[in-house]
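Just so you know, the sequences run in chain order S, B and W.
Here this note's numbering runs 60 ahead of the position in the first sequence, where the first position is 1.
Here this note's numbering runs 60 ahead of the position in the second sequence, where the first position is 1.
Here this note's numbering runs 60 ahead of the position in the third sequence, where the first position is 1.
In short, the hints are calculated from the structure, not lab data.
Any given hint might turn out to be false.
With a straight-line Cα cutoff of 30 Å, these simulated DSS-like cross-link-like pairs (lysine-lysine) come out [what the hints assert, rightly or not]: (1) K208/B - K392/B; (2) K175/S - K275/S; (3) K175/S - K393/B; (4) K327/W - K175/B; (5) K392/S - K175/S; (6) K88/S - K393/B; (7) K175/S - K275/B; (8) K327/B - K392/B; (9) K175/B - K88/W; (10) K88/B - K245/W; (11) K392/B - K88/B; (12) K327/W - K245/W; (13) K394/S - K88/W; (14) K394/B - K88/S.
Here the structure is a predicted model, which means the values were calculated and not measured.
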Amino acid sequence: MQFHGSHILSVEQFGLTDLSVLFQNAAKLEPVARGELACNVLDGALLGNLFFEPSTRTRMSFDAAFCRLGGRVCDTTGFQFSSMAKGESNHDASRVISGYVDIMVVRHPQMGSVKEFADASLVPVINAGDGPGEHPSQALLDLYTMLKELKRDLTTINGLRVAMVGDLRFGRTVHSLAKLLSLFKGIHFHLVSPAELRMPADIVDFLRARGHTVKETTDLIAGVANCEVIYATRIQEERFESVDEAQRFKGSYAINRAFFDHYCDPKAILMHPLPRDNRSESCELNNDLNNHSQLAIFRQTDNGIVVRMAMFALVMGMQDQIDASLRPVGFKKKLIAV
Amino acid sequence: MQFHGSHILSVEQFGLTDLSVLFQNAAKLEPVARGELACNVLDGALLGNLFFEPSTRTRMSFDAAFCRLGGRVCDTTGFQFSSMAKGESNHDASRVISGYVDIMVVRHPQMGSVKEFADASLVPVINAGDGPGEHPSQALLDLYTMLKELKRDLTTINGLRVAMVGDLRFGRTVHSLAKLLSLFKGIHFHLVSPAELRMPADIVDFLRARGHTVKETTDLIAGVANCEVIYATRIQEERFESVDEAQRFKGSYAINRAFFDHYCDPKAILMHPLPRDNRSESCELNNDLNNHSQLAIFRQTDNGIVVRMAMFALVMGMQDQIDASLRPVGFKKKLIAV
Amino acid sequence: MQFHGSHILSVEQFGLTDLSVLFQNAAKLEPVARGELACNVLDGALLGNLFFEPSTRTRMSFDAAFCRLGGRVCDTTGFQFSSMAKGESNHDASRVISGYVDIMVVRHPQMGSVKEFADASLVPVINAGDGPGEHPSQALLDLYTMLKELKRDLTTINGLRVAMVGDLRFGRTVHSLAKLLSLFKGIHFHLVSPAELRMPADIVDFLRARGHTVKETTDLIAGVANCEVIYATRIQEERFESVDEAQRFKGSYAINRAFFDHYCDPKAILMHPLPRDNRSESCELNNDLNNHSQLAIFRQTDNGIVVRMAMFALVMGMQDQIDASLRPVGFKKKLIAV
Numbered sequence: 061m062q063f064h065g066s067h068i069l070s071v072e073q074f075g076l077t078d079l080s081v082l083f084q085n086a087a088k089l090e091p092v093a094r095g096e097l098a099c100n101v102l103d104g105a106l107l108g109n110l111f112f113e114p115s116t117r118t119r120m121s122f123d124a125a126f127c128r129l130g131g132r133v134c135d136t137t138g139f140q141f142s143s144m145a146k147g148e149s150n151h152d153a154s155r156v157i158s159g160y161v162d163i164m165v166v167r168h169p170q171m172g173s174v175k176e177f178a179d180a181s182l183v184p185v186i187n188a189g190d191g192p193g194e195h196p197s198q199a200l201l202d203l204y205t206m207l208k209e210l211k212r213d214l215t216t217i218n219g220l221r222v223a224m225v226g227d228l229r230f231g232r233t234v235h236s237l238a239k240l241l242s243l244f245k246g247i248h249f250h251l252v253s254p255a256e257l258r259m260p261a262d263i264v265d266f267l268r269a270r271g272h273t274v275k276e277t278t279d280l281i282a283g284v285a286n287c288e289v290i291y292a293t294r295i296q297e298e299r300f301e302s303v304d305e306a307q308r309f310k311g312s313y314a315i316n317r318a319f320f321d322h323y324c325d326p327k328a329i330l331m332h333p334l335p336r337d338n339r340s341e342s343c344e345l346n347n348d349l350n351n352h353s354q355l356a357i358f359r360q361t362d363n364g365i366v367v368r369m370a371m372f373a374l375v376m377g378m379q380d381q382i383d384a385s386l387r388p389v390g391f392k393k394k395l396i397a398v
Numbered sequence: 061m062q063f064h065g066s067h068i069l070s071v072e073q074f075g076l077t078d079l080s081v082l083f084q085n086a087a088k089l090e091p092v093a094r095g096e097l098a099c100n101v102l103d104g105a106l107l108g109n110l111f112f113e114p115s116t117r118t119r120m121s122f123d124a125a126f127c128r129l130g131g132r133v134c135d136t137t138g139f140q141f142s143s144m145a146k147g148e149s150n151h152d153a154s155r156v157i158s159g160y161v162d163i164m165v166v167r168h169p170q171m172g173s174v175k176e177f178a179d180a181s182l183v184p185v186i187n188a189g190d191g192p193g194e195h196p197s198q199a200l201l202d203l204y205t206m207l208k209e210l211k212r213d214l215t216t217i218n219g220l221r222v223a224m225v226g227d228l229r230f231g232r233t234v235h236s237l238a239k240l241l242s243l244f245k246g247i248h249f250h251l252v253s254p255a256e257l258r259m260p261a262d263i264v265d266f267l268r269a270r271g272h273t274v275k276e277t278t279d280l281i282a283g284v285a286n287c288e289v290i291y292a293t294r295i296q297e298e299r300f301e302s303v304d305e306a307q308r309f310k311g312s313y314a315i316n317r318a319f320f321d322h323y324c325d326p327k328a329i330l331m332h333p334l335p336r337d338n339r340s341e342s343c344e345l346n347n348d349l350n351n352h353s354q355l356a357i358f359r360q361t362d363n364g365i366v367v368r369m370a371m372f373a374l375v376m377g378m379q380d381q382i383d384a385s386l387r388p389v390g391f392k393k394k395l396i397a398v
Numbered sequence: 061m062q063f064h065g066s067h068i069l070s071v072e073q074f075g076l077t078d079l080s081v082l083f084q085n086a087a088k089l090e091p092v093a094r095g096e097l098a099c100n101v102l103d104g105a106l107l108g109n110l111f112f113e114p115s116t117r118t119r120m121s122f123d124a125a126f127c128r129l130g131g132r133v134c135d136t137t138g139f140q141f142s143s144m145a146k147g148e149s150n151h152d153a154s155r156v157i158s159g160y161v162d163i164m165v166v167r168h169p170q171m172g173s174v175k176e177f178a179d180a181s182l183v184p185v186i187n188a189g190d191g192p193g194e195h196p197s198q199a200l201l202d203l204y205t206m207l208k209e210l211k212r213d214l215t216t217i218n219g220l221r222v223a224m225v226g227d228l229r230f231g232r233t234v235h236s237l238a239k240l241l242s243l244f245k246g247i248h249f250h251l252v253s254p255a256e257l258r259m260p261a262d263i264v265d266f267l268r269a270r271g272h273t274v275k276e277t278t279d280l281i282a283g284v285a286n287c288e289v290i291y292a293t294r295i296q297e298e299r300f301e302s303v304d305e306a307q308r309f310k311g312s313y314a315i316n317r318a319f320f321d322h323y324c325d326p327k328a329i330l331m332h333p334l335p336r337d338n339r340s341e342s343c344e345l346n347n348d349l350n351n352h353s354q355l356a357i358f359r360q361t362d363n364g365i366v367v368r369m370a371m372f373a374l375v376m377g378m379q380d381q382i383d384a385s386l387r388p389v390g391f392k393k394k395l396i397a398v
């Protein structure tokens, strides 16, 4: 794909070459994300960061990524675009805001809505989640994290054994990630979920048609065995017929330190799109794992910044300017020892 | 008027010389608004962007305009100023915030309230709408748009034939615009509205006293005939006795492509303060006009940025620095072909 | 204390030397806060400004302070962190955001919660109020204001006579301020409150144990007599058994111009943490004092900016760079004559 000036709406736009370009730039930007170097390739650029549903975390991640490159951000501050309540179309909202800024990030609860924004926009649009649809930057940062944690690259990730655990039916994260991993060869997918929450059949069929191995199971112990990556997701109790039903599943799929030590490959990494449900009984990845070396969930959110920085830099056509723009940061960042 | 250090509260502050200065600077800033040139005359300056009622669009327009000049923005993020719920006066809120920033933009639902903010502020205040009162920057961008679309200037706009259509009673936009147009000579106002929604008599009397022609009608076809500008507004159904009553008016005043082709001057421009009500039956300017060359509504919102940029630059005393501060932008903006 | 890289959670962290360093830097930054000089020691730095309860004023103060030093700010925009509603812990929220930014400011309704944020954060955390707990920057700006208004310094403030008036039971502001003043010698505390709203006994005992004089009274006239500082607070009617009960107290502790002229030292300064309740009958400091030279409440909020700027600069390790970074501001600020 041609990054410069393009919308980023779906993981399906990405081929291996695109991933290579994206991840090389992300790696280059890591010291900038950590506040160790400054980079101003987006000096003077303006982001319209439009979130039409609640998401502090993801909104701040895009916001921080754009600021780290020297740009400025105009945020929406409510969940509802006020003029839309008066009957305004996505077309009008998008065309108007696209005349104010240089690039837009859009999250919207309706599937397909971000495409409508893109169709009406004068500037590139990045999909930050359109309801049950796509959320491409999450899948990209997930893959980036796997490569980095496992010390693999795009040519050596073939044959990966990955367990996806939890609510595989409604979670757009695992759908996008599965599609992205299908670009490689011989991936072993262990899909661990209650029968009611299985991965949609069309995605399973697609993975098998591409030559990957898919094992579906309701048994967590069997599912995680020998996996290099265990990707946990939140059981979304609000989708169940009754809370009691949901509670039973929660019990089955909670991973704590004892479980990890007994049943998982000690070199396996634990991932999660976050937020975790940290309440007792429902915690997918227990708090007793917080200081465990294999818990990659916070390195995963850290990686979200650099992957989004790279997306911005590429879409704004600044790929060739990154190296020359790196400079010492003015302030002296001192991390807290934790 | 003296722009530097002044509050901008009403269109009545503006004379022809002021408009000339404002619009010349707005025109000069167009490449900056488009992200083609950078301008940092407000480097180090801080805007307090205070919106006490919902308005994503206008808030973002002021926000973007200030950022485009190199400034930084502190936004209010809710519709209610939390301390005001505890009994704080506009005086206190304004004086406190004015000690934090270099200029304020204020929108507030109560008429006269922005004047209260101005009276207590240490720094200039720009009125972004005080309920049914004034919204001067909207009228200014509307006039700027008319001149640009019609290739006229402040000396050749005399004699303009403009139709104002829809809810002329409650819309502060058409009130402010009518007052602003009264500065010129021999304007022909065609006021098209239901009898219940006529332009207030004091404004009509004022326009006639200034020597302008005012024709009031309920008939859209008669109203738009031979007009150079057709300024549509949303029928505000919430003001009517019954929804059925409102529906009838909506039907009468919807302009679509077929209507335009049959009844309007082909060189007429279609304007609207936005948001349009894009729902079928109620759309003042139908979606089938979206790609029509005479539909100026999005160029109108684009113009809002440069008019607000010019207001900021002038009120902050930077008029003479604009030329010298223009510089190439770092990033490479690439517009989407639409 | 070591400012660089430290959390600022409580006034109890501060000794006299720390106050001296903080206030010297605050004084140096006054022209920057007023927009007369620019300072970019935090160029490239990113603040996560997280407010989990309503507070436009304090949020904007931290926001403006960080921007004035050249930094950029990512704000939370709602009162509820959306992922927390799904069961996320303070630990997770803090660790994630701390990977996005270089420093965090946190306000949270639960006492002790900001400490939880600090414990999980990779970057320094400044407590902006944890429910009934601490709000250190408020006490620091209050002390800074007293020194400046009275033309005293940290060595000559000993023996100060200060009246604290109103709701001394629930107001965290007066608790923190009393603790901070206890660092000096021979302070005379006049605690004026209804019996039901007395200062907590442990704080009174602490002050006396440190050798200070504490006089508790319900009588405003006796309480303010001969005081150099009168620190009024809002009577929080929502805490009372009945509104009528609260109303009686409000009447007793309202200070207007006539009261000041009759009963207060003419050189006394009037302070208040704001917001005032400006409604008639309940106004702790009456609006008729607004132009009174001794009313220091707005200079107090102005001082909040410089004290917070100094906190940021010190915690980010930039103390030695401030002088060299000061430069003329680009724009020409012109204050409104009021």
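Open item on the list: Need the list of violated hint numbers for this structure, in ascending order.
Closed with: Violated hints (numbers, rising): 2, 4, 5, 7, 8, 9 and 10; every other hint is consistent with the structure.
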